[in-house]
Amino acid sequence: MSQFNFVSDLQNALILDGETRGPPPRWQKKLEASLNGSVNTTRSVLSVSYNTSFSGVQAPIKTPGKCADAKANKKQTPTKTPGGGDRFIPNRAATNFELAHFLVKSEKGEEENNDSNENNVKASAHKDERQKLIAEVAQVPESGQAAGGSRILCYQNKAPAAPESHTNPLKVVYSIKTPISTKSGSRYIPTTSERILDAPDFINDYYLNLMDWSGDNIVAVALGSCVYLWNAASGNIEQLTEFEEGDYAGSLSWIQEGQVLAIGNSTGAVELWDCSKAKRLRVMDGHSARVGSLAWNSFLVSSGGRDGLIIHHDVRSANHKISSLSGHNQEVCGLKWSTDFKYLASGGNDNLVNVWPLALSGVGTATEPLHQFNEHQAAVRALAWCPWQPNTLATGGGTADRCIKFWNVSNGSLIKSVDSKSQVCALLFSRHYKELISAHGFANNQLTIWKYPTMVKQADLTGHTSRVLQMAMSPDGSTVISAGADETLRLWNCFAPDPLASKKVSSVKSMAKQSVFRQSIR
Amino acid sequence: MSTAQASKNCITLKGSAQIIVEYLKYGINSILFQRGIYPAENFSTSQQYGLTILMSKDEKIITFLQNVLTQTEEWLSKNMTNKISMVITNAHTKEVLECWEFKMQAELGDGKDSSGDPMKTTSSKELARIQNEIRDVMRQISATVSYLPLLDCICAFDVMIHTLENTEIPKEWDETGEVSIQNAQAVKLRSFSTGLHKVETVVNYKMTS
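Residue numbers (the UniProt record's numbering), protein chains in the order written: chain U, 1 to 522; chain C, 1 to 209.
In short, the hints are calculated from the structure, not lab data. Where hints are given, some of them may not hold.
[To be verified] List time: in silico DSS-like cross-link candidates among lysine-lysine, alpha-carbon distance up to 25 Å:
{"hint": "1", "chain 1": "C", "residue 1": "K120", "chain 2": "C", "residue 2": "K60"}
{"hint": "2", "chain 1": "U", "residue 1": "K158", "chain 2": "C", "residue 2": "K57"}
{"hint": "3", "chain 1": "C", "residue 1": "K94", "chain 2": "C", "residue 2": "K25"}
{"hint": "4", "chain 1": "C", "residue 1": "K94", "chain 2": "C", "residue 2": "K78"}
{"hint": "5", "chain 1": "C", "residue 1": "K206", "chain 2": "U", "residue 2": "K158"}
{"hint": "6", "chain 1": "C", "residue 1": "K60", "chain 2": "C", "residue 2": "K188"}
{"hint": "7", "chain 1": "C", "residue 1": "K60", "chain 2": "U", "residue 2": "K158"}
{"hint": "8", "chain 1": "C", "residue 1": "K14", "chain 2": "U", "residue 2": "K171"}
{"hint": "9", "chain 1": "C", "residue 1": "K78", "chain 2": "C", "residue 2": "K14"}
{"hint": "10", "chain 1": "U", "residue 1": "K279", "chain 2": "U", "residue 2": "K342"}
{"hint": "11", "chain 1": "C", "residue 1": "K198", "chain 2": "C", "residue 2": "K103"}
{"hint": "12", "chain 1": "C", "residue 1": "K94", "chain 2": "C", "residue 2": "K120"}
{"hint": "13", "chain 1": "U", "residue 1": "K457", "chain 2": "U", "residue 2": "K434"}
{"hint": "14", "chain 1": "C", "residue 1": "K198", "chain 2": "C", "residue 2": "K188"}
{"hint": "15", "chain 1": "U", "residue 1": "K416", "chain 2": "C", "residue 2": "K83"}
{"hint": "16", "chain 1": "C", "residue 1": "K14", "chain 2": "C", "residue 2": "K120"}
{"hint": "17", "chain 1": "C", "residue 1": "K94", "chain 2": "C", "residue 2": "K198"}
{"hint": "18", "chain 1": "U", "residue 1": "K421", "chain 2": "C", "residue 2": "K57"}
{"hint": "19", "chain 1": "U", "residue 1": "K451", "chain 2": "U", "residue 2": "K416"}
{"hint": "20", "chain 1": "C", "residue 1": "K206", "chain 2": "U", "residue 2": "K279"}
{"hint": "21", "chain 1": "C", "residue 1": "K188", "chain 2": "C", "residue 2": "K83"}
{"hint": "22", "chain 1": "U", "residue 1": "K421", "chain 2": "U", "residue 2": "K434"}
{"hint": "23", "chain 1": "C", "residue 1": "K206", "chain 2": "C", "residue 2": "K78"}
{"hint": "24", "chain 1": "C", "residue 1": "K120", "chain 2": "C", "residue 2": "K188"}
{"hint": "25", "chain 1": "U", "residue 1": "K451", "chain 2": "U", "residue 2": "K421"}
{"hint": "26", "chain 1": "U", "residue 1": "K277", "chain 2": "U", "residue 2": "K342"}
{"hint": "27", "chain 1": "C", "residue 1": "K60", "chain 2": "C", "residue 2": "K171"}
{"hint": "28", "chain 1": "U", "residue 1": "K158", "chain 2": "C", "residue 2": "K103"}
{"hint": "29", "chain 1": "U", "residue 1": "K158", "chain 2": "U", "residue 2": "K105"}
{"hint": "30", "chain 1": "U", "residue 1": "K342", "chain 2": "C", "residue 2": "K14"}
{"hint": "31", "chain 1": "U", "residue 1": "K171", "chain 2": "U", "residue 2": "K434"}
{"hint": "32", "chain 1": "C", "residue 1": "K14", "chain 2": "C", "residue 2": "K94"}
{"hint": "33", "chain 1": "C", "residue 1": "K103", "chain 2": "U", "residue 2": "K171"}
{"hint": "34", "chain 1": "U", "residue 1": "K158", "chain 2": "C", "residue 2": "K171"}
{"hint": "35", "chain 1": "U", "residue 1": "K158", "chain 2": "C", "residue 2": "K120"}
{"hint": "36", "chain 1": "C", "residue 1": "K60", "chain 2": "C", "residue 2": "K83"}
{"hint": "37", "chain 1": "C", "residue 1": "K57", "chain 2": "C", "residue 2": "K120"}
{"hint": "38", "chain 1": "U", "residue 1": "K171", "chain 2": "C", "residue 2": "K120"}
{"hint": "39", "chain 1": "U", "residue 1": "K105", "chain 2": "U", "residue 2": "K421"}
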């Protein structure tokens with residue numbers, strides 16, 4: 001037999017038109033030998049089955065051994081023989097000898113003409129098809145092999161993996177334990193809400209500002225398509241207005257003094273209401289989309305809309321539109337005048353914070369921002385100006401950012417940045433303490449009181465079962481009201497003045513000023 | 001006047017490749033930071049597209065990206081690649097957790113002197129407009145944090161370049177296979193176009209029940 005092996009080897013070596021291949025695998029040599037010599041039925045089964053099964057697709061691939069095996073198995077014993085290596089170990093129990101014999105007989109003439117090269121090609125063609133099938137079954141999207149004509153390359157020197165000690169900083173967003181232990185501050189802060197009000201249909205939208213507390217101690221809140229007024233002193237509830245089907249209030253803001261409420265609605269108009277008479281005074285249009293933020297500066301009301309514009313309206317004149325600022329290209333969701341009314345801060349869904357200086361004319365602001373801060377990595381809705389440092393602005397970012405940042409707007413520098421570990425929905429500075437309160441979303445839905453400027457956590461006020469969307473402070477500065485997506489309003493008596501300290505203050509300050517604001521909240 | 005303008009806003013295939021590679025550089029770094037793959041202290045801020053983007057300070061990552069992206073740029077400028085994928089794997093089990101695909105589709109451009117030679121087509125799209133489009137995609141990338149699952153393991157990443165079959169494999173490069181993610185979900189982000197290439201960004205991630 002050995003001379004036949006030699007002949008077939010020689011033949012293979014002389015084929016020059018095919019792919020260059022190594023020596024034929026052992027199964028092939030054996031096959032050759034058996035065909036040239038006496039017919040051995042078992043071995044022939046193998047050769048017959050792969051010869052008859054396909055039309056030759058000309059796609060040469062180098063190693064035929066494995067697939068020829070697999071192929072043979074497929075025809076007869078689909079599950080058993082392990083493919084791999086160059087050996088074929090027939091499973092006699094599952095081999096259909098009769099069929100095999102018939103096939104050998106009927107195909108024999110043709111078979112003898114087939115040289116090993118052709119076998120090879122056919123086998124590899126099958127491999128291609130099989131891979132395609134596997135790829136389809138495994139749902140590999142647009143497999144390079146299947147699509148044909150593409151290869152995937154990668155660089156050998158890989159980038160290093162993260163150090164072993166590393167834990168994903170995002171983990172805090174997903175896995176904070178509730179409740180977090182809070183560091184007790186220097187003063188007593190009640191951590192439960194004093195009072196809970198029901199707020200059915202409170203719209204859970206990060207981009208709207210749906211609650212405000214007036215100097216006359218009235219809380220305005222929008223619930224669904226209605227706007228309600230809650231008198232914090234008497235507890236009276238009044239429905240101010242109801243919008244038509246589909247429309248709603250996107251923002252509410254009280255004038256500094258008096259009973260005028262500005263309502264920015266979903267059609268893009270800003271309405272002014274006299275709440276003492278429950279009467280609408282005027283409607284000022286200008287935005288092409290809903291108005292999600294409003295800010296008053298005496299007779300001026302500034303509105304920020306979904307169209308990215310900020311418009312200053314002079315509420316006294318018929319031609320109300322003073323100027324329009326286009327510093328944002330997405331929805332404006334935060335708008336605040338500084339405590340000394342020299343700057344207007346705006347935050348948008350484009351992750352930008354713009355600070356606008358007062359216009360030279362003294363009315364409205366310049367149309368170019370003084371500063372543009374783009375350090376936040378998410379939408380900025382929470383804005384607060386420090387009452388005791390008029391050029392300090394605090395801003396808080398959304399889920400992807402979670403930072404509270406402090407800016408010096410005089411020179412545009414970042415003073416401090418603190419990771420609050422949760423979406424920041426609202427920020428307020430206390431008037432009595434050098435403290436700051438922030439409202440958060442997932443995971444704890446808490447309000448956090450921070451010492452400023454050290455940013456040491458003083459207390460966590462928990463109670464909301466869904467994110468806290470809006471915060472407002474009572475006119476006397478002692479109570480904070482928060483509106484949550486859990487459709488409740490909660491009152492927190494967290495900045496109650498220290499009785500000892502307030503005695504000193506009241507002896508210094510005029511009582512007349514105090515008396516206006518010292519109205520009790522039931 | 002019009003001719004002056006035309007010559008001013010003229011992007012060649014090479015320039016288009018440059019713009020895309022720059023986007024890939026910032027995009028990949030942003031993903032590395034936003035997905036928390038490497039410690040946050042290893043990143044420094046950088047201003048690009050009017051955004052603050054955090055870029056890795058790790059020397060090895062910088063060199064890796066530099067090498068990969070230089071090669072990518074070469075292939076892109078010859079229109080030899082149609083997809084770049086950034087694969088995030090579990091460093092221990094090697095399981096693929098996330099795959100960011102950047103698909104490039106060649107476009108005809110609108111240059112007047114496109115005399116049949118595809119290598120000489122140009123686009124007159126303004127750079128500022130392209131960068132605005134890129135900025136929107138970058139914002140979307142950082143916003144993905146809110147829905148992508150937490151990568152709660154030590155991760156590594158790799159960049160794979162899908163090229164034409166006849167591409168020669170350069171030194172230090174290997175051919176590799178397609179990756180697949182178990183129970184994958186795909187989210188398509190915005191796309192941008194340079195006029196010569198349209199770039200789509202898709203994130204595939206493993207759904208956890």
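Evaluated hints:
For the proposed pair K120(C) and K60(C), the alpha carbon gap of about 36 Å is over 25 Å, so the pair is violated. Our distance criterion of 25 Å between C-alpha atoms is met by K158(U) and K57(C), whose separation comes to about 16 Å. Taking the CA atoms of K94(C) and K25(C), the gap is about 24 Å. The hint holds against a cut of 25 Å. A hinted pair counts as satisfied when its Cα atoms are at most 25 Å apart, and K94(C) with K78(C) does not qualify at roughly 33 Å.
Among the hinted pairs, K206(C) with K158(U) is consistent with the structure: their alpha-carbon atoms are about 23 Å apart, no more than 25 Å. At roughly 30 Å between alpha-carbon atoms, K60(C) and K188(C) are farther apart than 25 Å, so this suggested pair is violated. Proximity of K60(C) to K158(U) is assessed by CA-CA distance (about 9 Å); at most 25 Å being required, the pair is judged to hold. Only pairs whose Cα atoms come within 25 Å are accepted, and K14(C) paired with K171(U) is rejected, the gap being roughly 41 Å.
For a cut-off of 25 Å, the pair hint linking K78(C) to K14(C) stands: about 8 Å separates their Cα positions. Restraint check for K279(U) and K342(U): not satisfied, since their Cα atoms lie roughly 31 Å apart, outside the 25 Å limit. At roughly 8 Å between alpha-carbon atoms, K198(C) and K103(C) fall within 25 Å of each other, so this suggested pair holds. Between K94(C) and K120(C) the CA atoms are separated by roughly 42 Å; this puts the pair beyond 25 Å, and the hint is violated.
For the proposed pair K457(U) and K434(U), the alpha carbon gap of about 12 Å is at most 25 Å, so the pair holds. Simply put, K198(C) and K188(C) have alpha-carbon atoms about 14 Å apart, close enough for the 25 Å limit, and the pair holds. Restraint check: the Cα-Cα separation between K416(U) and K83(C) comes to about 41 Å, which exceeds 25 Å; the hinted pair is violated. The hinted pair formed by K14(C) and K120(C) meets the criterion: a straight-line CA distance of about 10 Å does not exceed 25 Å.
A C-alpha spacing of about 32 Å is found between K94(C) and K198(C), which places the hinted pair above 25 Å, so the restraint is violated. A C-alpha spacing of about 24 Å is found between K421(U) and K57(C), which places the hinted pair at or below 25 Å, so the restraint holds. For the suggested pair K451(U) and K416(U), the alpha carbons sit about 13 Å apart, so the restraint of at most 25 Å is met. As the CA atoms of K206(C) and K279(U) are separated by approximately 55 Å, the hinted pair breaks the 25 Å bound.
Pair hint K188(C) plus K83(C) holds up; C-alpha atoms about 14 Å apart against a cutoff of 25 Å. Straight-line distance between C-alpha atoms of K421(U) and K434(U) comes to about 22 Å, which keeps the hinted pair within the 25 Å bound. Distance restraint check for K206(C) and K78(C): the Cα-Cα separation of roughly 34 Å exceeds the 25 Å cut-off, and the hinted pair is therefore not satisfied. Taking the CA atoms of K120(C) and K188(C), the gap is about 31 Å. The hint is violated against a cut of 25 Å.
Simply put, K451(U) and K421(U) have alpha-carbon atoms about 17 Å apart, close enough for the 25 Å limit, and the pair holds. Under the criterion of a C-alpha separation no larger than 25 Å, the hint pairing K277(U) with K342(U) is inconsistent with the structure, at around 32 Å. Distance check on the hinted pair: K60(C) and K171(C) sit about 19 Å apart at the alpha-carbon level, within 25 Å; holds. A hinted pair counts as satisfied when its Cα atoms are at most 25 Å apart, and K158(U) with K103(C) qualifies at roughly 22 Å.
Only pairs whose Cα atoms come within 25 Å are accepted, and K158(U) paired with K105(U) is rejected, the gap being roughly 57 Å. With a C-alpha separation of about 48 Å, the suggested pair K342(U) and K14(C) falls outside the 25 Å cut-off, and the hint is violated. Restraint check: the Cα-Cα separation between K171(U) and K434(U) comes to about 31 Å, which exceeds 25 Å; the hinted pair is violated. Among the hinted pairs, K14(C) with K94(C) is inconsistent with the structure: their alpha-carbon atoms are about 36 Å apart, more than 25 Å.
In summary, the hint linking K103(C) to K171(U) is not supported, as the alpha carbons are separated by about 30 Å, beyond the 25 Å threshold. For the given pair, K158(U) sits about 14 Å from K171(C) by alpha-carbon distance, which is consistent with the 25 Å threshold. In summary, the hint linking K158(U) to K120(C) is not supported, as the alpha carbons are separated by about 35 Å, beyond the 25 Å threshold. Taken as a hint, the K60(C) and K83(C) pair is honoured in the structure, with Cα atoms around 24 Å apart against an allowance of 25 Å.
Among the hinted pairs, K57(C) with K120(C) is inconsistent with the structure: their alpha-carbon atoms are about 37 Å apart, more than 25 Å. Annotation: proposed proximity of K171(U) to K120(C) is violated, straight-line Cα distance about 49 Å (limit 25 Å). With a C-alpha separation of about 78 Å, the suggested pair K105(U) and K421(U) falls outside the 25 Å cut-off, and the hint is violated.
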